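**Student:** These protein sequences, in sequence, are chains A and B.
Using numbering that gives the first Met the number 0, you'd call the opening residue of the first sequence number 0 and step up by one each time.
Using numbering that gives the first Met the number 0, you'd call the opening residue of the second sequence number 0 and step up by one each time.
If you are wondering where the hints come from, they were derived from the structure by calculation, not from laboratory data.
Since this is a predicted model, take the numbers as computed values, not measurements.
Ideal Cβ positions, reconstructed from N, Cα and C, are used throughout, including at glycine.
A few of these clues could be false.
Claimed, not checked - Only part of the chain A face toward chain B is listed, based on derived beta-carbon distances under 8 Å: (1) P58; (2) R59; (3) L63; (4) G103; (5) L107; (6) A197; (7) K431.
There are 2 protein chains.
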Amino acid sequence: MDIVCLTATPMKLAIAQLNPTIGDLAGNAQHILNAANHAASKGVRLLLTPELSICGYPPRDLLLNPSFVTSMATTLEKLAQQLPPSLAVLVGTVIPNPQAHIAGGKPLFNSIALLEQGKVQQIFHKRLLPTYDVFDENRYFEPGLHSNSFTLDLKDSKINTQNPKSKIQNLKSKIQIGVTICEDLWNDEEFWGKRNYAVNPITDLAEQGVDIIVNLSASPYSVGKQQLREAMLRHTAKRYQQPILYTNQLGGNDDLIFDGSSIAFNRAGEMIGRACAFETDLLILEFDEQTRDLLPATIAPAPENEDEEIWLALVLGVRDYTHKCGFKKVVIGLSGGIDSALVAAIATAALGAENVLGVLMPSPYSSDHSVQDALALAENLGIKTYTLPIGELMQGYDRTLESLFKDTEFGIAEENIQSRIRGNLLMAIANKFGYLLLSTGNKSEMAVGYCTLYGDMNGGLAAIADVPKTRVYSLCQWLNNRVATDGVADVADGEREAIPGNILSKPPSVDGVADLADGEREVIPGNILSKPPSAELKPGQIDQDSLPPYDVLDDILQRLIHEHQSADQIISVGHDSTVVNKVLRLVSRAEFKRRQAPPGLKITDRAFGTGWRMPIACRCF
Amino acid sequence: MDIVCLTATPMKLAIAQLNPTIGDLAGNAQHILNAANHAASKGVRLLLTPELSICGYPPRDLLLNPSFVTSMATTLEKLAQQLPPSLAVLVGTVIPNPQAHIAGGKPLFNSIALLEQGKVQQIFHKRLLPTYDVFDENRYFEPGLHSNSFTLDLKDSKINTQNPKSKIQNLKSKIQIGVTICEDLWNDEEFWGKRNYAVNPITDLAEQGVDIIVNLSASPYSVGKQQLREAMLRHTAKRYQQPILYTNQLGGNDDLIFDGSSIAFNRAGEMIGRACAFETDLLILEFDEQTRDLLPATIAPAPENEDEEIWLALVLGVRDYTHKCGFKKVVIGLSGGIDSALVAAIATAALGAENVLGVLMPSPYSSDHSVQDALALAENLGIKTYTLPIGELMQGYDRTLESLFKDTEFGIAEENIQSRIRGNLLMAIANKFGYLLLSTGNKSEMAVGYCTLYGDMNGGLAAIADVPKTRVYSLCQWLNNRVATDGVADVADGEREAIPGNILSKPPSVDGVADLADGEREVIPGNILSKPPSAELKPGQIDQDSLPPYDVLDDILQRLIHEHQSADQIISVGHDSTVVNKVLRLVSRAEFKRRQAPPGLKITDRAFGTGWRMPIACRCF
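Bound conformation, chain A alone (with noise of 0.2 Å):
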């Protein structure tokens, strides 16, 4: 007898969240033969791996160059080549557009090969284009025009072991996979309460009848994303009663850093599965052929607040930027204030407290504590420090100046001097040592221009760019709980252990300064987050002489860029009409200098960086 009764062994399917490096086509192949090998040697059917991962996303203009789309093929054909032959694999990548030059058109896909069995099988365009934000794929692709769905075969998954010969039952077992890429689940109209793009590719899929809804994405993390996500996913996949895999991109790509926590839902719109937040997996799910849905695996715990979110995303952008880059090591100036204490302490975890240095440069209207307490920081991160002091130097700008500026008063030019010469020093020893400088900068000092062009706007990154001020007291007070809470914490014990070198596997030393001030362990020494914030670049100056209190700032900020309000909103709420005027100056009168910014990190749904797009030359406000 041929006909028996399987054993009911589901399908596996297996999401590979991976990190890619843009460009290095070779490397970036290699992460996903190892996945692939990984996957199938735990009897995995299907991979998926995230949108363009054959290049990195975003590639930009590197799309530009044929030799590079010639590349990328290529590639792909040796990779379908080494893949174990009972795995089928996505891989994003992007495809010529034969007819761009006939129908009119841009000349390339955003895609997805299916892989198997030596070979490319088939090949799925993305049909919406984000093109707003950080998003620029109109720029180079052509939408697809239709809906994407193949067909698995399960045979290999469901041979009957105890009689090999045995394929009448086999023929039946097929699941019938539905394709989209990233932006392609974002236009759900009832979710949104209204429509992004004109067509709902996930309808097209839903009402064509497919088994599952698989997702190739490149989703950069954003405050609160994640959420957003899963509340969209959940609605989805209860609306069209149609299980989901969701498989998101992880790492920092200059300004953007990918979260993954890559996401399945089963037909009910409950989440079975996900991975990790801010570290590669690779997340196995099965599908049950009896009640066609996904079974409950693997969830992985989100970070626990806000904080601990943009911590953790923030520790990820910078040591993908840094080791992408190709650096090791990097110096940070160290002023005593807060905003340099929290980039320390995000380097450190980062990329491990042997690997930072900073660098302490007092002029002579640097308070005492400044230096004690960045000292103090420094012994807490175990972190080495250097001090330059600044004082002879300013001395000898003012003597080269001295005939050009006499009759002049003390003001921002001698006070953009100071940063400038801290600057110099800066790159000088991120040149001669082959270190990476990161700038420290808050987003609120960045918005209004309350930083030094050419001075403390040095640096290869902005850590903390996108970080408004307020946002950065809270890091660091939820970092100090943290500590004093777990002692040696539970990101550093194994749990977690993509994230090498945590600040937290380095406890505070019990004798430092930082102890002294409050009695408690901590990272940032108290003294850092009670005194008032100050440039220290003229005697007695805090930056509240210059700026409306930060939570005030803040809020005007929030409204400003990302509600996208006018002057007249903001004040209706009670915010009082001279300080938003001046504040929307500010803003506006800053553009030369954001433009001429370091990548910042960006961690909100509007940042800095290259997704604003302002003018320079103009008359805004």
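Following the hints, put chain B in place on chain A, whose structure we already have.
**Tutor:** Just chain B now, kept in the frame of chain A:
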């Protein structure tokens, strides 16, 4: 008898080639009103203004602020009421898309408003939205789906003065105007040999039957682009036997320079009118109702060669950026080299010698001729200079870094310190006196990173950042030849009144160093042109120690940057493979510097800047 033989006064149309400031709605409306009053006084019936003339092009992310869009509508309504009653005016504006959230689509249209008789009478939407290079229109706009035209009633312009009550003939005097916006005109599949977009709005209008096609553009300058526009319009006018009026914007807006050069073609494809290049203008054209064609009008002269064209573009770009940012004066570091010499000459032409300050900052490594050459240049230009030696500051940095740098060799770090001392001094002067700092780097060195971030790259505007080094030489040579040939030269003799304070209105001194160099009148001292280029950051250094000869480098860069060629392709034409691979590696590794560069005036079809979107942390060469 009411029927009389009307004198065939042709209908007058005019192109207002205006120079808007981005976001300055009231100011831009005033410019339109001034042009309208002037046109009305000349008997013009229809006035054309450039694309988005009410807000200036490109408004970029200002469009994301709803109150900005609302203000445009208000400004437009007010303008309509102020316009002369005899005149119809086409104004470029932005219009909300009421269907955006219902049908799915972008929230705005890039539109034209027809203003007549005190009101906005009609609205037309742009159909083809450029999303490549510096253009991001799909980011903001939904394409219009229909072809646009309106009927212009000519009775006012043709009224029988001998019998004012006569109306019979007048009722027949109507012409049909087809309306297009910029890119709508750029999809002639015959001309390009390919389709860029699926539809061709011109074909639609021709099939529909219109008398004239008008186009409101904001087409940025690049070398040779005007020839391309003229060839394309010639082809299109002839193909459809359709008179075409093409209105271009004028002026510099950040990195983009709009060259004007608005043009008109008759049905035979003959250019019968052209407005000035690089100046505001009002070009009046006549439409003959009998022949249904445009009559010959003024054809402004085109620049004589590419060097003159680029020179005029850069002068306009520097002047507009300076003034639109609210500056009057600029400061420039004069090294005695050719790049800073050219920038100083451009600035002098743009702003007047009294508004340009040259700063010499010799180091112990500077050659004697550097200071002499810089002073000779300044004398030729008639600009003031200061000399600030940097030797003492270099020693100050050496001492400050002594213990940290001991046992290391002099290298890039020390070279950059010098450049950054200069950058700091220049910014101190700029900050102290409210000057704009112009940076002086050329495209070749920006490409390979042969420049110091936070040093010589400092500035609010990079005047020649898109000018390859070989072109820097040819521009200087052209400048000298022109002076030698023309004496006080034609561009300052009243013909081109829109260019004030031209360098050539101040003839070079007959007893300056320059004249000693080669015996001719010249602007750029001969020694600056003839000596080998050097950064002079260490003894005896010349550029060619580190880089291939500039003619070789520029050819490789042209192929790489403009023609998107691969290393193999570039090598295949005869370039040395070691050199090519080195250059490609340098270009890729200098991305972090370019990201932090000031806006650079775009004069080629592919400039570093808003149209260059490359990842930094990548592995692509």
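**Student:** Evaluate each hint against the coordinates.
**Tutor:** Hints, one by one, checked against the model:
1. P58: For P58(A), the interface hint holds, since the closest Cβ of chain B sits about 7 Å away, which is under 8 Å.
2. R59: holds (5 Å)
3. L63: holds (6 Å)
4. G103: holds (3 Å)
5. L107: violated (12 Å)
6. A197: With a minimum Cβ separation of about 4 Å from chain B (threshold 8 Å), the hint on A197(A) holds.
7. K431: holds (4 Å)
In terms of the numbered hints stated before, the structure departs from hint 5 and from no other.
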